[in-house]
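Asks: Combine both chains into one complex, guided by the hints.
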Amino acid sequence: MSAKKTLFDKVWDSHVVHQIENGPDVLFIDRHMVHEVTSPVAFLGLKNRGIRVLHPEKTFATADHNTPTINQHLPVADPLSANQLKMLEENANEYGISYWGLGHEKNGIVHVVGPEYGITVPGATIVCGDSHTSTHGAFGAIAFGIGTSEVEMVLASQCIMQPKPKRMRINITGELQYGVTPKDVALFIISKLTTSGATGYFVEYAGDVFKNMTMEGRMTVCNLSIEMGARGGMIAPDETTFHYIKGREFTPKGADWDTAMDYWQTLYTDEDAIFDKELTFDGSSIEPMITYGTNPGMGMGISNDIPTSDMVQGGATTYRKSLQYMKFDEGDSMIGKPIDFVFLGSCTNGRIEDFRAFASIVKGRKKADNVTAWLVPGSHKVESAIKEEGILDVLTEAGFELREPGCSACLAMNDDKVPPGKLAVSTSNRNFEGRQGPGSRTLLASPLVAAAAAVTGKVTDPRELMKEEFV
Amino acid sequence: MANGQWPNSKKQKKMAYDKFNILTSTAVPLPIENVDTDQIIPARFLKAIERKGFGDNLFRDWRYNQDNSPKEDFVLNDATYTGKILVGGKNFGSGSSREHAAWAVYDYGFRCVISSFFADIFRGNCLNIGVLPVQVSAEFLQKIFGEIEKNPAAEFEVNLPEQKVTILTTGESESFHINDYKKGNMTNGFDDIDYLLNIKDSIQEFAKTRPF
Ligand code: SF4
Chain H
1 MSAKKTLFDK
11 VWDSHVVHQI
21 ENGPDVLFID
31 RHMVHEVTSP
41 VAFLGLKNRG
51 IRVLHPEKTF
61 ATADHNTPTI
71 NQHLPVADPL
81 SANQLKMLEE
91 NANEYGISYW
101 GLGHEKNGIV
111 HVVGPEYGIT
121 VPGATIVCGD
131 SHTSTHGAFG
141 AIAFGIGTSE
151 VEMVLASQCI
161 MQPKPKRMRI
171 NITGELQYGV
181 TPKDVALFII
191 SKLTTSGATG
201 YFVEYAGDVF
211 KNMTMEGRMT
221 VCNLSIEMGA
231 RGGMIAPDET
241 TFHYIKGREF
251 TPKGADWDTA
261 MDYWQTLYTD
271 EDAIFDKELT
281 FDGSSIEPMI
291 TYGTNPGMGM
301 GISNDIPTSD
311 MVQGGATTYR
321 KSLQYMKFDE
331 GDSMIGKPID
341 FVFLGSCTNG
351 RIEDFRAFAS
361 IVKGRKKADN
371 VTAWLVPGSH
381 KVESAIKEEG
391 ILDVLTEAGF
401 ELREPGCSAC
411 LAMNDDKVPP
421 GKLAVSTSNR
431 NFEGRQGPGS
441 RTLLASPLVA
451 AAAAVTGKVT
461 DPRELMKEEF
471 V
Chain U
1 MANGQWPNSK
11 KQKKMAYDKF
21 NILTSTAVPL
31 PIENVDTDQI
41 IPARFLKAIE
51 RKGFGDNLFR
61 DWRYNQDNSP
71 KEDFVLNDAT
81 YTGKILVGGK
91 NFGSGSSREH
101 AAWAVYDYGF
111 RCVISSFFAD
121 IFRGNCLNIG
131 VLPVQVSAEF
141 LQKIFGEIEK
151 NPAAEFEVNL
161 PEQKVTILTT
171 GESESFHIND
181 YKKGNMTNGF
191 DDIDYLLNIK
201 DSIQEFAKTR
211 PF
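Respectively, the protein sequence lines represent chains H and U.
Note that the numbering used here numbers the first sequence so that position 218 is 218, with each residue one more than the last.
Note that the numbering used here numbers the second sequence so that position 171 is 171, with each residue one more than the last.
So that you can see chain U by itself, here it is in the shape it has in the complex (with noise of 0.2 Å):
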């Protein structure tokens, strides 16, 4: 098969979520890092049986007091910030595997997460989701939080097809890696469940093999 190409198939596909292409946005900056996702969506919201209105809670506690009054500190709750792009410090999304996370950050409106390093899971539910995860280096984050820092309606543009992130503002740009088949997914708003449900065969002749 080629590059992170598909296989060809009649039954190809509904979209999984919104297709990504270019995105450009201001950026919502949050210079903390090992966020984890027990902060992202604390777990006694993990209740719900379907994927809806995980946004509310996203970064509840740091979001909201006890008495469910909102933090006036907190980023979220400040309106020089907005954009659907979220900006974080290194280690983003470390800790337990909930996908719940990743929706979250996508139902509050987020398309892509930018920071210098990202844990797996939290990476790879962003991906099956829609939510673009850019890893830059420690020093170009840097610029981005300077950047927004000094002009809260800096645009920045997130280039999927080119793999780059520029800060129009100054112009300054960096690229990011994805890899190919995981990009096409992106870029056509595909799933992998649909790529192997085309390959079922040749799964099914593999689990005669497996002893246990």
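Bound-form chain H, shown alone (with noise of 0.2 Å):
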């Protein structure tokens, strides 16, 4: 029986090596992006059974997640970041696989390098010690995050030891309206779902919102899909992905580009393919989003109030807890709370066009005083182009400063801390109980919401600011 068949099965059924019976699937990886926290004791590892990595070529490495993002230049101050660097370093040596240390022009987060070089394409298997490697699944591509025993094995094998998840699609249909970005379509899947709501499930992403979406949005609301407890999320590609990858460094050319094509266009659900759960929203129904509490999906439309603890799902005792962590009380509303910190940045929301949002609203206007910005592109070709485009004169002229590419305050492993106590609006992924630093308080949000907070000091809807300059 030829069966119907979803993006993810073609994906994943023509990477299986080997099926255990009662056991996971043997799954082949096409790409294996390593960074520096989750790699040295896989390559130790490896020492100790003393076998090389099977595939080198295969394997790419970037430093990014505990690296400075001022002074670049200089030696890292941190001595145990420094040595953890050093050890990748000394690793993609030995083993010989490409490394794209600090200060190199192709150095970046991994998960904004790996599709700026065409490391990514539709079709492949895709994995990194970082939950957010579901990234990659915007290309139509099967990516996601695996842990450091993992990394082990991928180096050592090339392969991964997998069950294979059930199949979900989520459909947003018609068209989102004016200030309404891909990370709010993320926030807004994610307050729906709550953070356990695909957990088991792989997702793939479906209808007109996403058909219309860049390729940078798609990677934003494909990196979320962790959040909601999905082993990853996919969009199947077509002519906008196409045009992203054509004449990237890694991407096949010639007739092998031809090739490629030709099977890229069969990566598409079949009518009639059956998902084990399928959900649908109205995409107009969409507002800007922020949240409110200890995790991404405690978010809620920027206008609303802040739910009673009889309205959440699960229990009230973790959300009054949340609550009490975040300083807020059940029916505040969220807009006009005084803010200290912004932070412009992370695999979620530090691409080119996630600059373009943050500088349309602070153009001639000014950074607010009581607000310590950091903006910090995903990579050096970020980086580079926010130069040659003018948004760092205008970001400048806003009183802002560029600072330079890394993992930065999304984790808060490098010195980019937001103080106990502090609020931050901040683009990146998790709003965890000291994720951007010990006792810091993290409202999620878009690129938007972040710039309106930096320039009036509180919580702002961006459409008030949006009135004429954004047609």
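Simulated crosslink set (DSSO-like; lysine-lysine; CA at most 27 Å straight-line): (1) H/K10 <-> U/K200; (2) H/K321 <-> U/K71; (3) U/K90 <-> H/K192; (4) H/K246 <-> H/K211; (5) H/K253 <-> U/K208; (6) H/K164 <-> U/K90; (7) H/K10 <-> H/K166; (8) H/K86 <-> U/K47; (9) U/K52 <-> H/K47; (10) H/K277 <-> H/K5; (11) H/K367 <-> H/K381; (12) H/K192 <-> H/K321; (13) U/K208 <-> H/K10.
It should be emphasised that the hints constitute simulated quantities derived from the structure, not laboratory data.
Replies: Below, the structure is given as structure tokens:
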């Protein structure tokens, strides 16, 4: 029986090397991205076993998680971070892996540089020891985050052992309202599903809203798949995808491109293919979103009030503990809350489009005095585009500085830590307790909401500031 | 290949971690939902290049004040509760893929985590390093919490061969799921890499067929 297949099934099934009955599939991995924090113990494991990296040509290393975002030309001050960076460089050299370290022109956040250089292609399997590897699903790849034992597994065998996840499709129909970005779409979906609503599933995003989205936007949405518990998310490749990847350094060229295209054009969900779960939302009902709690599922339209504990699913005790940490009350309005920090960056919203959006709001305005702003490009390539497009001038004029690329305050492993008790509007992906520094309080939002907060010093509906200039 | 069985090989195989068969222990309750891996081990403790010492920083910011003094009301600082089993609320281990979270749980001395729901990556990481994640029903989880509250010295039996967890004081039990392959690994202390190295030739054959 030639069963109708989903996009996910097509890609997964074509990578199964071996099936273990009542066990996981052995899945072949086309691309393995490696960074300094989750790899040292994996390389140590190889050494202890006396084995080599099986396919160094399919392995790419970049330094991003604990790197400083100022003075990258100087030696890294923190000895532990410096040591991790040194280990990555040594391991990359020892095993013949491409290494884009600090200062390298291709350096940047792993999930930003992968697509930029065409390492990410449709129909591939991509893994990395970072849960937001789901980003690469925007290209119609199966991409997911793995633990360090699995990093070692892939280094050793170019395979991973995974039970096949179930399939979910999320359709967003219609058109987005003015001022609503891909980040809002993602935060909206997570607020509906909760942080565990897609656990055990691999998600396909479908519908007009995603069809009309740029690759940057699709990456933002797929990036956040993990925040609803999904193993990953993906979008069928189309002209937008092919146009984006064509001519990038690692994408196929000439006749290989044509062969690849023939294959890539078969990557869509067959009509009548069956999903284990399917959800549909109306895109026009989505507002600019903001979170108010300590997980990404605790989000709402920016003009709403914080729900009361009797309205939420899940335990009221956990909910109250979360609001207590945030120093918010049930029923509070978010609009008008004074903020201290703004973080624009991360693999969620550290791409050129995000900087364009941010600049569109701050243009002709000034950074509020009470706000410390960290604007961190996702890569050197993004940084160059910011300069070339004149965005840097707009930002400087408005009183902002640009930092150097890296993960930065997304996980605050370097010095970019929000101090205890301070409130930050962040374009990153997690608002967990202490995620941006011990005691830090995080509101997740889009670059537009972040920009509106940066110039007003408080939570502000960006649509208020967008009236004329955004057409 | 038969159910979850290993291919035969001479090269088998040193134990990757302690074997897991039947664990009888008291348990430490953490009745909070959505415990994320940033709480289990905050990012600033991920700078090690070896898998050592993570237990000291398990639940660091819930366990210690900023001046490093212990927070009296956190369960790991309460001598009433001890044991090799950690019992957590729904959606345990969400967030980051950091295996350091599982290492911290193991290094602290836990060998088993019981919850009514686990995040995928955390569950996988635990299985890969010898911590058994046991998923029970929401009702049974409440019974376990209730029993520990009544009697902190209550013991629980986690029987992996029989895939059953029992509240020894009441005799109530529930079965749990684990795939045959992983069960075999846990009871023997094997890991996936040995398995994969055993089938390396077929992997290399497959690699030749990949277009990119
Ligand atoms: S920006 Fe944040 S989520 Fe993205 S790779 Fe870096 S640490 Fe991970």
